Amino acid sequence: MYIWALLILPLFSAVLITLVTRRHKDLSSYISIGAVLACFFIVLPIFLRFVGAPHTEHLEGSFRWIGVPGMLVEIGYLIDPLSVLMLFIVTFVGTLIHIYSRGYMHDDPGYSRFFACLSLFIFSMLGIVLANNLIMIYIFWELVGLSSYLLIGFYFEKPAASDAAKKAFLVNRIGDFGFALGICVIFYASGTFNFLEIAHQVHAGHLSPNTMLLGSLLLFCGAVGKSAQFPLHVWLPDAMEGPTPVSALIHAATMVAAGVYMLARISFLLYAAPPAATTVIAYTGAITALGAALLALGQSDIKRVIAFSTLSSLGYMVMSVGVGSATAGMFYLMTHAFFKALLFLCAGSVIHACHTNDIWHMGALSPKLKITATTFILGSLAMMGVFPFSGFWSKDEILSAAFANGDMVLYGAGVLTAFITGIFMTKLILVTFFGKKRYHGSPHESPPSMTIPLIILAVFAVFVGLVGIPSLHPNFGSFLGLHGAEHGAEHGFNMTVAISSTIVVFAGIIIGFLTYYTGTIDPDKMYKRFRGPYRLLENRFYIDHFYDNFIVAKIYNQVARISTFIEVNIIIHFCINGPAYLIRHAGLFLRSTITGGVQHYTFFMVTGVVVLIIVYALT
Amino acid sequence: MEGFPIISAIILAPLIAVIILIFVNDKDHGLIHGIAVVATSIPLALSLYLLFAYDMAKGGYQFEENIPWVKSMGINYHVGVDGISIAMVLLTSIVIFTAVFVSWKGITHRVKEHYIFLLLLVAGVFGVFTSLDLLCFYFFYELAVIPMYPLIGIWGSANREYATMKLTLYLSLGAVFAMLGILSIYFVAGAQTGHYTFDMVQLSQVTLARGYQIKVFLPLLIGFGVLVPLAPFHSWSPIGHAAAPSAVSMLHAGVLMKIGAYGILRVGMGLLPEGAAFWMPVVAILCLINIFYGGMVAMARKDMKFMVGYSSSSHMGYVLLGFATLNHIGVNGAVLLMFAHGIMTALAFSLIGFIYDQTHTRMMYDLRGLAGKLPFVAIAFAVMAFASSGLPGLANFVAEVMIFVGAFKDYPVQVVISVFMIIVTATYMLRAIKSVFFCEAMERWEGIKDANGFVEKFPFIILIAVLFIVGFYPSILLDIINSGVDTLLARIPVLPPS
Chain A
1 MYIWALLILP LFSAVLITLV TRRHKDLSSY ISIGAVLACF FIVLPIFLRF VGAPHTEHLE
61 GSFRWIGVPG MLVEIGYLID PLSVLMLFIV TFVGTLIHIY SRGYMHDDPG YSRFFACLSL
121 FIFSMLGIVL ANNLIMIYIF WELVGLSSYL LIGFYFEKPA ASDAAKKAFL VNRIGDFGFA
181 LGICVIFYAS GTFNFLEIAH QVHAGHLSPN TMLLGSLLLF CGAVGKSAQF PLHVWLPDAM
241 EGPTPVSALI HAATMVAAGV YMLARISFLL YAAPPAATTV IAYTGAITAL GAALLALGQS
301 DIKRVIAFST LSSLGYMVMS VGVGSATAGM FYLMTHAFFK ALLFLCAGSV IHACHTNDIW
361 HMGALSPKLK ITATTFILGS LAMMGVFPFS GFWSKDEILS AAFANGDMVL YGAGVLTAFI
421 TGIFMTKLIL VTFFGKKRYH GSPHESPPSM TIPLIILAVF AVFVGLVGIP SLHPNFGSFL
481 GLHGAEHGAE HGFNMTVAIS STIVVFAGII IGFLTYYTGT IDPDKMYKRF RGPYRLLENR
541 FYIDHFYDNF IVAKIYNQVA RISTFIEVNI IIHFCINGPA YLIRHAGLFL RSTITGGVQH
601 YTFFMVTGVV VLIIVYALT
Chain B
1 MEGFPIISAI ILAPLIAVII LIFVNDKDHG LIHGIAVVAT SIPLALSLYL LFAYDMAKGG
61 YQFEENIPWV KSMGINYHVG VDGISIAMVL LTSIVIFTAV FVSWKGITHR VKEHYIFLLL
121 LVAGVFGVFT SLDLLCFYFF YELAVIPMYP LIGIWGSANR EYATMKLTLY LSLGAVFAML
181 GILSIYFVAG AQTGHYTFDM VQLSQVTLAR GYQIKVFLPL LIGFGVLVPL APFHSWSPIG
241 HAAAPSAVSM LHAGVLMKIG AYGILRVGMG LLPEGAAFWM PVVAILCLIN IFYGGMVAMA
301 RKDMKFMVGY SSSSHMGYVL LGFATLNHIG VNGAVLLMFA HGIMTALAFS LIGFIYDQTH
361 TRMMYDLRGL AGKLPFVAIA FAVMAFASSG LPGLANFVAE VMIFVGAFKD YPVQVVISVF
421 MIIVTATYML RAIKSVFFCE AMERWEGIKD ANGFVEKFPF IILIAVLFIV GFYPSILLDI
481 INSGVDTLLA RIPVLPPS
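Protein chains in written order, with my numbering: chain A, 1 to 619; chain B, 1 to 498.
FYI, nobody ran anything at the bench for these hints, they're computed from the structure.
Please read all numbers here as calculations on a predicted model, not as lab measurements.
Hints should not be assumed to be uniformly reliable.
[What the hints assert, rightly or not] Here are the simulated DSS-like pairs of lysine-lysine, each with C-alpha atoms no more than 30 Å apart in a straight line:
{"hint": "1", "chain 1": "B", "residue 1": "434", "chain 2": "B", "residue 2": "373"}
{"hint": "2", "chain 1": "A", "residue 1": "158", "chain 2": "B", "residue 2": "457"}
{"hint": "3", "chain 1": "A", "residue 1": "525", "chain 2": "A", "residue 2": "437"}
{"hint": "4", "chain 1": "A", "residue 1": "25", "chain 2": "B", "residue 2": "457"}
{"hint": "5", "chain 1": "A", "residue 1": "436", "chain 2": "A", "residue 2": "525"}
{"hint": "6", "chain 1": "A", "residue 1": "25", "chain 2": "A", "residue 2": "158"}
{"hint": "7", "chain 1": "B", "residue 1": "449", "chain 2": "B", "residue 2": "302"}
{"hint": "8", "chain 1": "A", "residue 1": "554", "chain 2": "B", "residue 2": "302"}
{"hint": "9", "chain 1": "B", "residue 1": "302", "chain 2": "A", "residue 2": "158"}
{"hint": "10", "chain 1": "A", "residue 1": "436", "chain 2": "A", "residue 2": "528"}
{"hint": "11", "chain 1": "B", "residue 1": "105", "chain 2": "B", "residue 2": "373"}
{"hint": "12", "chain 1": "A", "residue 1": "368", "chain 2": "A", "residue 2": "436"}
{"hint": "13", "chain 1": "B", "residue 1": "449", "chain 2": "B", "residue 2": "373"}
{"hint": "14", "chain 1": "A", "residue 1": "554", "chain 2": "B", "residue 2": "434"}
{"hint": "15", "chain 1": "B", "residue 1": "434", "chain 2": "A", "residue 2": "25"}
{"hint": "16", "chain 1": "B", "residue 1": "434", "chain 2": "A", "residue 2": "158"}
{"hint": "17", "chain 1": "B", "residue 1": "457", "chain 2": "B", "residue 2": "105"}
{"hint": "18", "chain 1": "B", "residue 1": "457", "chain 2": "B", "residue 2": "434"}
{"hint": "19", "chain 1": "B", "residue 1": "434", "chain 2": "B", "residue 2": "449"}
{"hint": "20", "chain 1": "B", "residue 1": "27", "chain 2": "B", "residue 2": "457"}
{"hint": "21", "chain 1": "A", "residue 1": "158", "chain 2": "B", "residue 2": "449"}
{"hint": "22", "chain 1": "B", "residue 1": "373", "chain 2": "A", "residue 2": "25"}
{"hint": "23", "chain 1": "A", "residue 1": "158", "chain 2": "B", "residue 2": "373"}
{"hint": "24", "chain 1": "B", "residue 1": "449", "chain 2": "A", "residue 2": "25"}
{"hint": "25", "chain 1": "B", "residue 1": "434", "chain 2": "B", "residue 2": "302"}
{"hint": "26", "chain 1": "A", "residue 1": "368", "chain 2": "A", "residue 2": "437"}
{"hint": "27", "chain 1": "B", "residue 1": "27", "chain 2": "B", "residue 2": "112"}
{"hint": "28", "chain 1": "B", "residue 1": "105", "chain 2": "B", "residue 2": "434"}
{"hint": "29", "chain 1": "A", "residue 1": "554", "chain 2": "A", "residue 2": "158"}
{"hint": "30", "chain 1": "B", "residue 1": "373", "chain 2": "B", "residue 2": "302"}
{"hint": "31", "chain 1": "B", "residue 1": "105", "chain 2": "B", "residue 2": "449"}
{"hint": "32", "chain 1": "B", "residue 1": "373", "chain 2": "B", "residue 2": "457"}
{"hint": "33", "chain 1": "A", "residue 1": "436", "chain 2": "A", "residue 2": "370"}
Chain A on its own, in the form it takes in the complex (with noise of 0.2 Å):
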């Protein structure tokens, strides 16, 4: 019973914030933070029982939501290996940010309203985690949306910020249409949403290879959305103007990554299905994984890089399910959601201290912020897959799995895509704290509130890799123990693929710290020589610009404008005032013969009667 408290405590703390305590700020963050430490503190004993005992029996509880003759919804839960490993990445990371938020959205006016948001997104992702079916995971996939349409939108008088949020919604909305058709396809094929239902009919093979392709597909099409994959990415960086602790939070370390989670659950099917359906997930993590670095090169916004570098691992993640190792996939998503949540709190400390995105106005500052430089620095290390840092074995087993996999394409562009991770990070990493003073004013460290969550993520995203060296038993792998992951899954270490990413990332910082450091590559005469596709960078590729003025504005928005046509003057003005006015005007001119006088009358009649005499006469 004490599980559904992970559901019930966040959701009632957003309510109560919402109804009762909105006035007072202080009270409002308490119950935030005490619902998601109570959570913590609920998965913590259950995660360290299945760290000891990796193979205890998943525990499943539900109770009837909707039940008619033929459907049968259930709420329920779901804890396995997988499951609990997201709940605790979730609350551990959700905890810190929270904690992080007090100081960081101190004076806001909004305070209440955010940490309300907060709970309602921790209530949403939990829900996610905790899901045994697929409408339930359903059900919370647009909860968190929702949460994540709100906090996107928290500077709601910003016409950026409400744009975003829209942006973010609609776009996830596309990917959940696949989504709802996908679930339609497995329950209309099994007749059931229960995962472990459909895994044991997927087993027996009672589904038919076309029927598991589709339903892979579509399924897979609400992890694009979510998780940001081309050709939807293009809502997550612009998701970042909403407050950083939630670019942190749902838009880096936990909600994005709910779309490889999704995989990782329904990978049963992924890797029953015939292998185009892994082939495309591959292809698309792929080419998300290298578009977005090549993309992170351009910006200047730090949160923005950032937004880059995250959309860029997930690309990584979701390429992982798709050379046949969801372990992998996982493994990167816990790794990321540490490092990836510290560069981005860290970010939040110094925009914090300047006042401003661009780091072209900011430089020198590691001697003012020495907290937040050392653990930023950790974390890009991580982050780009330095040894022995988290990223280094997350990054290493999805390389060897895409080597074993045999696809030289895939494992090319991973290997790619680590070298200009290595480039922009350097970049970032350079021209943010050290070189020449550009910034106005004294930043200066921020409180502890705000310090104390960076250093202990700075731990975590250091060391939390060690947990996955391939020759450890039981390491990560066999604690996850995913079913299905049979071709890819038996890669182990491999030196090969160790050496030369190690070598691509190294070649990657020399040439970022020749750039933006010493200067011997001049960067301004690298963008007069590359402008055309530097401009292409800036302009992201101009897919955006794709959306808006030819699917939107061409398509989209002209079949409204001609429904509308149709339905105005066609419908309404032709066919049913048209019908009227004639009508209306027929009643008119008889009235003209109605006169009241008698000559008129008399008229009429004689005429009538000559007439009909006439034609007899004739006949």
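Fit chain B to the known structure of chain A by using the hints.
Positioned in the frame of chain A, the structure of chain B alone reads:
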């Protein structure tokens, strides 16, 4: 409450209030409002009682009252409820109860007459949803339609003469078609059994020839379809909403449109099961026009009332798609959507009315940044918008999911388009939120005030609460709806013959 005529009490409470109101001084607004509140809270309390007292295990029609009216022609005052009617009666009583509170500030002239017509209308609606006699059904239907004419004509806004004339003509036209079908069933079934009756319970036991059922279903479908409104007979509805005062818009979209759907279900599917099985695939195609075209027109509308009006016609298309499935999942979903959509549009029109009363515009681009000024209204509007775009936790979601799941087997194309249209709904709803409530506030709207105090907030709170309760705990209605749908579907041939 054994032996107490609950259903007659529901119908009579507003009628008695009408009679009392006639003798009340028309300057005494407090007393008039008070009478209206009492007259509508009685049906609300009784319909809640019905919800819990109805015996689902037994099913069928309960709380029946049967008094002979014109014996020689087999006309009876026969009323009773099953699960479907209880949901509709509850919907009506919630909407009228809140509509009275909305009119409190919204209506300032001829207050007494306004309530007289409003209560007459609602008595008619209650009658329609509880009648088990076809002639009673028709009688109450006309009782509901006629007061619309003065309500829009006198208290309406721009273009009201045109709107009210169009609306009344359309609704009467629909009634004529439905009457044709009803009379035909009366004579044919009577000739077949030798016992002429308008009693629906008795008529539903007569097995009519399949060819005949197919022929007669059509006028019923057109007649009730005009009310739904089935495209292309829909154009009376958005303009009707736009011209009507808030309370009437609420009833019109929340309840009157559901009468058409209810008629298709109760009279069409109930009396002509094989006719329904024959025509439902056609309905599944026609409803696409509603769903797609209605939604697209809503996209391009800048007047919020028109937007919600076309959106309603789009969402009623989902209801028809649910009917067309002829299976438990889809039909239950459709009935639940009738309820959920009724509450949601009532909320929408009451909010738009509230904004209009203060700003005298409904054009969304004339308004901006109202969230700072009207936080309560902004939240309520957001709840409405999200309910309409099918967000989980609110009632519409459950209903829509059921319709999609139920329809997927037979009508996958329709489901794909319907699910796509949810994105479109979200687009226009979020755009409305953005342009009305977000961004910098305009100086023009300095002086406007948020909903304040019990009378102004209460109706919004009730409607929002209902959306949440049903959204979180749909079984509260679904179980009882299902008991009604069960009986209805039992008589429909399993495989629709092609």
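Hint-by-hint comparison with the structure:
Under the criterion of a C-alpha separation no larger than 30 Å, the hint pairing residue 434 of chain B with residue 373 of chain B is consistent with the structure, at around 14 Å. Our distance criterion of 30 Å between C-alpha atoms is met by residue 158 of chain A and residue 457 of chain B, whose separation comes to about 28 Å. A threshold of 30 Å between alpha carbons decides the hint, and for residue 525 of chain A with residue 437 of chain A the separation of about 22 Å falls inside it, so the pair holds. With a C-alpha separation of about 25 Å, the suggested pairing of residue 25 of chain A with residue 457 of chain B holds against the 30 Å cut-off.
For the hint linking residue 436 of chain A to residue 525 of chain A, the alpha-carbon distance of about 19 Å falls within 30 Å, and the restraint holds. About 23 Å separates the Cα atoms of residue 25 of chain A and residue 158 of chain A, which keeps this hinted pair within 30 Å; it holds. For the suggested pair residue 449 of chain B and residue 302 of chain B, the alpha carbons sit about 23 Å apart, so the restraint of at most 30 Å is met. The hinted pair formed by residue 554 of chain A and residue 302 of chain B meets the criterion: a straight-line CA distance of about 19 Å does not exceed 30 Å.
At roughly 22 Å between alpha-carbon atoms, residue 302 of chain B and residue 158 of chain A fall within 30 Å of each other, so this suggested pair holds. Between residue 436 of chain A and residue 528 of chain A, the direct Cα distance comes to roughly 23 Å. Compliance with the 30 Å bound is thereby established for this hinted pair. Simply put, residue 105 of chain B and residue 373 of chain B have alpha-carbon atoms about 19 Å apart, close enough for the 30 Å limit, and the pair holds. The straight-line distance between the Cα atoms of residue 368 of chain A and residue 436 of chain A is roughly 13 Å, inside the 30 Å bound, and the hint therefore holds.
For the hint linking residue 449 of chain B to residue 373 of chain B, the alpha-carbon distance of about 7 Å falls within 30 Å, and the restraint holds. Restraint check for residue 554 of chain A and residue 434 of chain B: the C-alpha separation of about 22 Å stays at or below 30 Å, so the hint holds. The suggested pairing of residue 434 of chain B with residue 25 of chain A holds, with an alpha-carbon distance near 27 Å, which does not exceed 30 Å. With a C-alpha separation of about 11 Å, the suggested pair residue 434 of chain B and residue 158 of chain A falls inside the 30 Å cut-off, and the hint holds.
About 12 Å separates the Cα atoms of residue 457 of chain B and residue 105 of chain B, which keeps this hinted pair within 30 Å; it holds. About 22 Å separates the Cα atoms of residue 457 of chain B and residue 434 of chain B, which keeps this hinted pair within 30 Å; it holds. Simply put, residue 434 of chain B and residue 449 of chain B have alpha-carbon atoms about 19 Å apart, close enough for the 30 Å limit, and the pair holds. Between residue 27 of chain B and residue 457 of chain B, the direct Cα distance comes to roughly 25 Å. Compliance with the 30 Å bound is thereby established for this hinted pair.
For the suggested pair residue 158 of chain A and residue 449 of chain B, the alpha carbons sit about 22 Å apart, so the restraint of at most 30 Å is met. A C-alpha spacing of about 21 Å is found between residue 373 of chain B and residue 25 of chain A, which places the hinted pair at or below 30 Å, so the restraint holds. Between residue 158 of chain A and residue 373 of chain B the CA atoms are separated by roughly 16 Å; this keeps the pair inside 30 Å, and the hint holds. Distance check on the hinted pair: residue 449 of chain B and residue 25 of chain A sit about 25 Å apart at the alpha-carbon level, within 30 Å; holds.
Annotation: proposed proximity of residue 434 of chain B to residue 302 of chain B holds, straight-line Cα distance about 13 Å (limit 30 Å). About 11 Å separates the Cα atoms of residue 368 of chain A and residue 437 of chain A, which keeps this hinted pair within 30 Å; it holds. A C-alpha spacing of about 8 Å is found between residue 27 of chain B and residue 112 of chain B, which places the hinted pair at or below 30 Å, so the restraint holds. Of the pairs offered as hints, the one joining residue 105 of chain B and residue 434 of chain B holds, with about 27 Å between alpha carbons and a cut-off of 30 Å not exceeded.
Taking the CA atoms of residue 554 of chain A and residue 158 of chain A, the gap is about 27 Å. The hint holds against a cut of 30 Å. This hinted pair checks out: residue 373 of chain B and residue 302 of chain B have alpha carbons roughly 22 Å apart, not beyond 30 Å. With a C-alpha separation of about 13 Å, the suggested pairing of residue 105 of chain B with residue 449 of chain B holds against the 30 Å cut-off. Between the alpha carbons of residue 373 of chain B and residue 457 of chain B the distance comes to roughly 15 Å, so the proposed pair stays at or under 30 Å and holds.
Between residue 436 of chain A and residue 370 of chain A, the direct Cα distance comes to roughly 17 Å. Compliance with the 30 Å bound is thereby established for this hinted pair.
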